[in-house]
Amino acid sequence: MDITSKLIYALIGLLIVVNWGMLMSVTFRKIGARMAGRHGIPFRQPWVNLLKNISTRTIITHGYMYYLGPVFRLSGGIGIFLFMPMVFTGNADGLWTNFSFQGDLILILYFQVFGMLGMAMGSGEGGHPYSAMGVARGLAQHAAVELPLTIAILAIAVQFDTFSIYKIVEAQQGGFQNWVLFTNPFASAAIILAMLGALGHSPFNLVKAPNEILIGPATEYEGTYLGFMMSAGAIIHVMEAVLFMNLIFGGATSWIELIIKSFLIYFWSVFVGMVFPRFKIEQSVIWFFKWPLGFAIIGLLMASF
Amino acid sequence: MMEYLELGHIGLIIGFLLILVGFWGVLTQKNIIKIIVGFSILNTGINILMVSLGYVKGKTAPIIDAAVAQGEGHDVSQSIVDPVPQALVLTAIVIGFGITALMLAYAMKLYNAKKTLEINKFNDLKW
Amino acid sequence: MVNPIYIVAIALGVSFAIGVLNKLGRNFTGSLVLAAVSVMTFISYQWFAAFQFGEQTAKMIYTAGFMPPLSINLLMGHYEAFITLMINVIGLIGGIYMFNSLKKRGYNAQVIYLVLLMGLNVMVMTRDLFNLFVFLEISSIAIAGLILLEKGTRSMGAGFKYILATSIISGFLLLGIIFAYYFTGSLNLDDVVAANLSSIKGGALAAFMIMIAIILEIKPFPANGWGLDVYEGSDVGLSAVISGASATASFFVLYKVMDIAGVEWNYYISIIGAITFVGSNLLGIAQKNTRRMLGYSSIGQLGLLMMILGFRDILGEQTPYIAFGILISHYFAKAGLFWLSGIVKSKSLKGWSNIRKKPFFLFLMGTFIFALIGFPPFPSFFAKWTLVMELVQTGNMTWVIAILFGSMMEAVYLFRWFGYAIKGENEHLEDFKIKIHKITPVWIAAIGLYVIGYFTAQFTEVGAAINFIPLAFVGLLLAIDFLPVMIKNTIAITGMALHFYFVYPELEGDTLRLIFEGIFMVGGILALIAGYAYKGKRSGFYPVAILMYAGLTAIIEAGTTLEFFYGWELMTAGSYFLIIRGKRSMSHGLSYMLFSIGGAYALLAAFGMAHVGQDSFAMDILNTITYIPTWAYGLLIVGFLTKTAAVGLHIWLPGAHGEAESDVSPMVSAILLKAGVFGIVLTLIGMGAENNQYSELAYALGWLGAITALVGNLMAIFQEDAKRLLAYSSIGQLGYIVLGLAMMTHLGWLGGFSYVINHFLYKAVLFMTIGAVVMRVGTHNMYEMGGLIKRMPLAFLAVMIGIIALSGVPPLSGFAGKWLFYNAILDKGWYFQGAVMFFSGGLAFLYLWRLIHTVFLGQLKDNHRNVKEISIWFLIPIYTLIAGLMVFAAKPQWVLQPMGDMIAQFFPTGQLVWDGGTAISQYGYWAGSLVGVTIGASFVFVLFWLLVSTRKAHKVKQFDITYSGERPERPETTHVAYNVFEGFYQAMWIATIPMVETFWNRVTEVLHETAEFTRKIYSGNGQAYMLHIVFFILVTYLVIIGG
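Residue numbers (the numbering used here), protein chains in the order written: chain A, 301 to 605; chain B, 22 to 148; chain C, 85 to 1127.
For the record, the hints were derived by calculation from the structure and aren't laboratory data.
Glycine residues also receive a C-beta, built at the ideal position from the N, C-alpha and C atoms.
Do not rely on the hints blindly, as some may be mistaken.
Claimed, not checked - Within a straight-line C-alpha distance of at most 20 Å, the following computed DMTMM-like cross-link-like pairs (lysine to aspartate or glutamate) qualify:
id: 1; chain 1: C; residue 1: Lys1039; chain 2: A; residue 2: Glu557
id: 2; chain 1: C; residue 1: Lys1100; chain 2: C; residue 2: Glu1089
id: 3; chain 1: C; residue 1: Lys1041; chain 2: A; residue 2: Glu522
id: 4; chain 1: C; residue 1: Lys1100; chain 2: B; residue 2: Asp145
id: 5; chain 1: A; residue 1: Lys467; chain 2: A; residue 2: Glu557
id: 6; chain 1: C; residue 1: Lys372; chain 2: C; residue 2: Glu1096
id: 7; chain 1: C; residue 1: Lys874; chain 2: C; residue 2: Asp946
id: 8; chain 1: C; residue 1: Lys372; chain 2: C; residue 2: Glu509
id: 9; chain 1: C; residue 1: Lys431; chain 2: B; residue 2: Glu139
id: 10; chain 1: A; residue 1: Lys508; chain 2: C; residue 2: Glu1066
id: 11; chain 1: B; residue 1: Lys135; chain 2: C; residue 2: Glu234
id: 12; chain 1: B; residue 1: Lys130; chain 2: C; residue 2: Glu234
id: 13; chain 1: C; residue 1: Lys874; chain 2: C; residue 2: Glu1053
id: 14; chain 1: C; residue 1: Lys372; chain 2: B; residue 2: Asp145
id: 15; chain 1: C; residue 1: Lys431; chain 2: C; residue 2: Asp515
id: 16; chain 1: C; residue 1: Lys143; chain 2: C; residue 2: Asp274
id: 17; chain 1: C; residue 1: Lys442; chain 2: C; residue 2: Asp565
id: 18; chain 1: B; residue 1: Lys147; chain 2: C; residue 2: Glu1096
id: 19; chain 1: B; residue 1: Lys147; chain 2: C; residue 2: Asp565
id: 20; chain 1: C; residue 1: Lys187; chain 2: C; residue 2: Glu234
id: 21; chain 1: C; residue 1: Lys143; chain 2: C; residue 2: Glu234
id: 22; chain 1: C; residue 1: Lys1036; chain 2: C; residue 2: Glu1050
id: 23; chain 1: B; residue 1: Lys136; chain 2: C; residue 2: Glu234
id: 24; chain 1: A; residue 1: Lys467; chain 2: C; residue 2: Asp911
id: 25; chain 1: C; residue 1: Lys945; chain 2: C; residue 2: Glu1050
id: 26; chain 1: C; residue 1: Lys1036; chain 2: A; residue 2: Glu557
id: 27; chain 1: C; residue 1: Lys975; chain 2: C; residue 2: Asp985
id: 28; chain 1: A; residue 1: Lys561; chain 2: A; residue 2: Glu582
id: 29; chain 1: A; residue 1: Lys580; chain 2: C; residue 2: Glu1066
id: 30; chain 1: C; residue 1: Lys429; chain 2: B; residue 2: Asp145
id: 31; chain 1: A; residue 1: Lys508; chain 2: A; residue 2: Glu582
id: 32; chain 1: C; residue 1: Lys441; chain 2: C; residue 2: Glu545
id: 33; chain 1: C; residue 1: Lys235; chain 2: B; residue 2: Asp145
id: 34; chain 1: C; residue 1: Lys188; chain 2: C; residue 2: Glu234
Said to hold, decoys possible - Okay, the calculated bits of chain C under chain B, using three or more residues with CB under 8 Å as the criterion:
id: 35; stretch: 237-250
id: 36; stretch: 1108-1119
What the hints assert, rightly or not - Beyond 10 Å from chain C on every Cβ pair, some chain A residues (computed):
id: 37; residue: Asn319
id: 38; residue: Pro342
id: 39; residue: Arg344
id: 40; residue: Leu405
Using the sequences and the hints given, assemble the complete structure.
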């Protein structure tokens, strides 16, 4: 596939992902509202917000790093998308594989941080304490999530002897019994639990604490910045779900399958978030060092023997 | 009795006893002057020991005088005791004298400094 | 040739003459004494030169016209000439030093001084036992007499105890001599030896008494309280002479009479020597009084010399060389230190900080201390090296351990003392005066050490191969230390550039060495450029910095293990001085030095083991160790790990790097740590690289690396001090490198090496930038900074690039290491080590964000509103390094491919396949350049979009935010910086307990308590000291002759 058509397909894919991400987020808001006995926001709300934010006429800036924060965030999100093979078509260089030929799973794992770090630095220049507190909590939780996640991912890599996402998905084809979920249930359990932290809903949402004072970088940004960050958020949410889908749920052979699977994965974290109250940061750190870590270690042991 | 206890042995025993007495004095007496006396006794003991070791039964002092049989073809060394220890003793006595004098000078200075001769009191330098 | 009998004749003649001529004044008599000593020195020298450079054979001098045994005879041989030369030289320069103090005590004292020297000379030369006794007594009486003529009760007590003890000892000697005469019929040493005393019934007792008396003269531990009191209490000039001349003479006497006792005594002498060496140095730790501490050290050194004598059958023809090296170093160094202590006039160790008021004194003191410990280029270095080589060669590891342990203890107290001198508080201390006649001897001793050290090296084949030119360059920088920074910096940089230019062709083709040499030299030059930012003279900086680089390059260029060790020690010394320059670095400098010395001793022992069964000292003997190889490689690894600060051996690093000066931190962190890595690389190659037969060692090393990574990164998170944060981060990064290397696979090494280069680049950037910021804001505490992006945007940019690279986030170069590590882990199967390491990598984000946020982001403090951008002299090297990072990031294949080729020499299997710019491993792939393009393109695209849609962005001020319902007005209340990761700490506190530090503190405590407890036996009571002597004799008797 030549680079131009790759680029075109990638752009189409990106559009799908952005919109799907916004739809998922509004679904989550709706579920939350219905649980609380409210009607909730209309489904069009994210698009309205995005349009309104992007078309605001005034904007402030605290300095150039502040200005670059959303750029880091959004280009980080786009980058993850570009490095991720979205739909499995039996061809490593096929239709929806984007630019995944440039790097494997490890590239995605480390590139995730690009956007986070940039946004953290950008909001830091604004000088608001809440953004710094949010980042500090987020980083601590991220580190804790990382341990079981890394071990579980190692287990999968050991199992298939590869870091290529395409190959991992390929190995899971031919029926759900080939999914890592069933071939290495412990590593999968670890990932499913660690996923909760990665997606950042309750009980692991102290990072942004949406119910009381909103903290975290989002407090700092408005207007076009916020629009960018919302788009980035939408992309990243979908991409996290797609990553886990590719790793343990057999990937997707079509966009429909991708949408269903990513919705279910996303719904899992929404479901847990509805049921469980929020953890303090030390509680969540310790929590990740218990069950998820234990499962991950068993999973890795299983894979290595 | 005299067969066993000849002059050389008597000297050895006395010398040895004096050495022990000297050691006892040096190690147990607290008064510096007494310690110095102990040293003198010790030295004396060593000197007597030295001379006794050089003693040969029935021979005379290594001084060429009337007591020594002299003559052509007669080896003088056959009739005298070993002269070397006696010469050494002379030197040792001189050195012992020097040391005793030095110690006494110290005793004087130490007494002047602290008005006491107790050796226990002079432990400014320790550990 | 002047007959050596004139040494005695002149001394006696002048003594008697002074009795008559004293009316001419004390200056005259004093000069006469010095003139006499000069003539004596000349006679010794003439003989020595004849032996050394001519064909002279040993000459027997007969007295009184008779032949022995009827008369006394003297022997003037090669050794005698040398030892009397030593005695007379120290007598001469020591006499100059004591000129005034002797003058004050009168012409009697001057005469006694001369007689003392004469006595020592005769002790050395005489071949008659009784004569030996007489002159021993004369020397003792002379020393006691000199003390007697001093003022003050303290020295008086010491003198009295001295004469008591020596009288007891000489009593035993006399008894022994008499019995020896009784059994052999001769007083002549050679006759007594020929008669083989020990074989005669009862003769063994005679031999025992002679030997024990002579040993006691050397002041063996613990029967040596009287000697210590004299060292502490008497005139310093006299202490110097006792230490330099009297101890040397006693040592030689022991050498002479040892033949009487027979070979079985060798062993006992070694034991007594070892006990003395270890015991004295252990007790020295508890000392707070300088003079007494020097006394302990003197006695310890004599113990070491005794050990060497005892080993003479083992050491064979090397014995004189080894004994000479140790003896001459101790001789000059200890005399020099005693003399210095007379000038500085401070009794307590802490009081020595006033020595800084005359900076060149530090040079003198440093010279002596480094010579005592056995650093290059001093004779003791070469002697200790040869000693250990020979002992290990003959399978005497136990002795080696005793020697190294004792030396370690000695280093503890000497370097603690030196630390006080360099860094101690000295505001309230009085200055001291220098008198020319007192300082000249010190200079002679110091220069003597360097000159003799050089010739000692030339004496052996391996030593002669050492390149002393860099060291000479250090000397040059020392000589021009009075010039301003600009000039010195330029000279230093030119020197290093020239060196690199000349060395480069030699290393071309040897990529391994070239990588490290490049880091050392190029990195060194860049770090030195930052030095232009300093004003004034920056006195003492350049010699020590170049000393470190001289050592580093010597390590790379080393062809033999000796050259390597030489470079290693130079590097240690240089970096010690660099580190201790920091404001609060005293304790950190000490712990750095002690860990380094400990590590160096491990290396020394290992090099010894490598030499077993080999003729050469070439570096490749490390590849074929046959003598307990697991231990040898283990020791090598431990030795090198002290420099890479592996967990357990790391406690010196945070303080040392954190408190160092701004441009020193990058030198010691980004550059110096790589020396340890280079060593580990050599060791692992030695272990067989791909055919590694010591997998358990490599396995342990791997875990150690992983845990080090975890500990370093975890501790870095909770630091409030920016430089300590970076220092802990270095520990962690070095942990990665160690783990990568320990994997012993192609990918592991490639990962490790890419970290070597990357860590050099970004840690230099970060340390330099933070250091430069610290210079501007005047604090290390991150919570006292904040918002500095507004004042120093270029510094911010540098740190941002640095942290992105360090964290391993693509597209910068750090990701190369991460990617390689994942592949290597999968390849090797060390999943859990890998998991620990990747978790550590995750932790890095926490401290890196903290670093950039609390320093550059958040709220700008009021007192920093006018700080300037960091100095241009820092920006130049920083951005040069960043350019390097960028090249690595843009074209990783340019770096990784040649490195892969180099590693393939050792690990041919499992190489990366390069498809253009895409690296393909067995498990994954990574197209470094393309990833950069993709990320760059999306970044530019988004940025462009933002620019288009926000053209009218309104710039707001610092406090244009609302917090707690109001607009903040004080940055302190709004800047989130202190204890940022409180929640994380509450979860992780248990892992941050400093167990290693507690362990080492306990070790220190136990040593101190033992020393404190044991030294109480020196109660200060003269009788107790005599009892010690008697007990010593009894115990030795029971052990040797048997009960």
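Structure-based check of each hint:
For the hint linking lysine 1039 of chain C to glutamate 557 of chain A, the alpha-carbon distance of about 47 Å lies beyond 20 Å, and the restraint is violated. Between lysine 1100 of chain C and glutamate 1089 of chain C, the direct Cα distance comes to roughly 17 Å. Compliance with the 20 Å bound is thereby established for this hinted pair. A threshold of 20 Å between alpha carbons decides the hint, and for lysine 1041 of chain C with glutamate 522 of chain A the separation of about 16 Å falls inside it, so the pair holds. Among the hinted pairs, lysine 1100 of chain C with aspartate 145 of chain B is consistent with the structure: their alpha-carbon atoms are about 13 Å apart, no more than 20 Å.
Between lysine 467 of chain A and glutamate 557 of chain A the CA atoms are separated by roughly 18 Å; this keeps the pair inside 20 Å, and the hint holds. Distance check on the hinted pair: lysine 372 of chain C and glutamate 1096 of chain C sit about 11 Å apart at the alpha-carbon level, within 20 Å; holds. Distance hint between lysine 874 of chain C and aspartate 946 of chain C is fulfilled; the C-alpha atoms sit about 13 Å from each other, no more than 20 Å. Proposed proximity of lysine 372 of chain C and glutamate 509 of chain C is supported: the alpha carbons are some 16 Å apart, at most 20 Å.
For a cut-off of 20 Å, the pair hint linking lysine 431 of chain C to glutamate 139 of chain B is broken: about 27 Å separates their Cα positions. For the proposed pair lysine 508 of chain A and glutamate 1066 of chain C, the alpha carbon gap of about 17 Å is at most 20 Å, so the pair holds. For the hint linking lysine 135 of chain B to glutamate 234 of chain C, the alpha-carbon distance of about 16 Å falls within 20 Å, and the restraint holds. With a C-alpha separation of about 11 Å, the suggested pairing of lysine 130 of chain B with glutamate 234 of chain C holds against the 20 Å cut-off.
Proximity of lysine 874 of chain C to glutamate 1053 of chain C is assessed by CA-CA distance (about 17 Å); at most 20 Å being required, the pair is judged to hold. At most 20 Å may separate the alpha-carbon atoms for a hinted pair to count; lysine 372 of chain C and aspartate 145 of chain B meet this at roughly 15 Å. Restraint check for lysine 431 of chain C and aspartate 515 of chain C: satisfied, since their Cα atoms lie roughly 14 Å apart, inside the 20 Å limit. For the given pair, lysine 143 of chain C sits about 14 Å from aspartate 274 of chain C by alpha-carbon distance, which is consistent with the 20 Å threshold.
Using a Cα cut-off of 20 Å, the hinted pair lysine 442 of chain C and aspartate 565 of chain C holds, with the two alpha carbons roughly 14 Å apart. Among the hinted pairs, lysine 147 of chain B with glutamate 1096 of chain C is consistent with the structure: their alpha-carbon atoms are about 12 Å apart, no more than 20 Å. Taken as a hint, the lysine 147 of chain B and aspartate 565 of chain C pair is broken in the structure, with Cα atoms around 42 Å apart against an allowance of 20 Å. A hinted pair counts as satisfied when its Cα atoms are at most 20 Å apart, and lysine 187 of chain C with glutamate 234 of chain C qualifies at roughly 11 Å.
A hinted pair counts as satisfied when its Cα atoms are at most 20 Å apart, and lysine 143 of chain C with glutamate 234 of chain C does not qualify at roughly 40 Å. Under the criterion of a C-alpha separation no larger than 20 Å, the hint pairing lysine 1036 of chain C with glutamate 1050 of chain C is inconsistent with the structure, at around 26 Å. About 18 Å separates the Cα atoms of lysine 136 of chain B and glutamate 234 of chain C, which keeps this hinted pair within 20 Å; it holds. Of the supplied pair hints, the one linking lysine 467 of chain A and aspartate 911 of chain C holds, its CA atoms being roughly 17 Å apart against a limit of 20 Å.
For the proposed pair lysine 945 of chain C and glutamate 1050 of chain C, the alpha carbon gap of about 19 Å is at most 20 Å, so the pair holds. With a CA separation close to 44 Å, the supplied pair lysine 1036 of chain C and glutamate 557 of chain A exceeds the 20 Å bound. Annotation: proposed proximity of lysine 975 of chain C to aspartate 985 of chain C holds, straight-line Cα distance about 16 Å (limit 20 Å). Restraint check for lysine 561 of chain A and glutamate 582 of chain A: the C-alpha separation of about 32 Å exceeds 20 Å, so the hint is violated.
Restraint check for lysine 580 of chain A and glutamate 1066 of chain C: the C-alpha separation of about 11 Å stays at or below 20 Å, so the hint holds. Taking the CA atoms of lysine 429 of chain C and aspartate 145 of chain B, the gap is near 19 Å; set against the 20 Å cutoff, the hint holds. Among the hinted pairs, lysine 508 of chain A with glutamate 582 of chain A is consistent with the structure: their alpha-carbon atoms are about 15 Å apart, no more than 20 Å. Between lysine 441 of chain C and glutamate 545 of chain C the alpha-carbon distance is near 42 Å, which puts this suggested pair outside the 20 Å criterion.
For the proposed pair lysine 235 of chain C and aspartate 145 of chain B, the alpha carbon gap of about 15 Å is at most 20 Å, so the pair holds. Restraint check for lysine 188 of chain C and glutamate 234 of chain C: the C-alpha separation of about 9 Å stays at or below 20 Å, so the hint holds. Three residues within the 8 Å Cβ limit are the bar, and the stretch 237-250 of chain C against chain B gives 10, so the coverage statement holds. Under the rule that three or more residues need a Cβ within less than 8 Å of chain B, the assignment of the stretch 1108-1119 of chain C holds, with 3 such residues.
Listed as a non-interface residue, asparagine 319 of chain A keeps its Cβ farther than 10 Å from every Cβ of chain C; the least gap is roughly 18 Å. Here proline 342 of chain A stays apart from chain C, with its beta-carbon at least about 26 Å from theirs, past the 10 Å limit. No Cβ of chain C comes within 10 Å of the Cβ of arginine 344 of chain A; the nearest lies about 22 Å off, and the non-interface call holds. Its closest Cβ contact with chain C, about 7 Å, brings leucine 405 of chain A to no more than 10 Å, contrary to its assignment away from the interface.
The structure fails hints 1, 9, 19, 21, 22, 26, 28, 32 and 40 (numbered hints given earlier, in ascending order).
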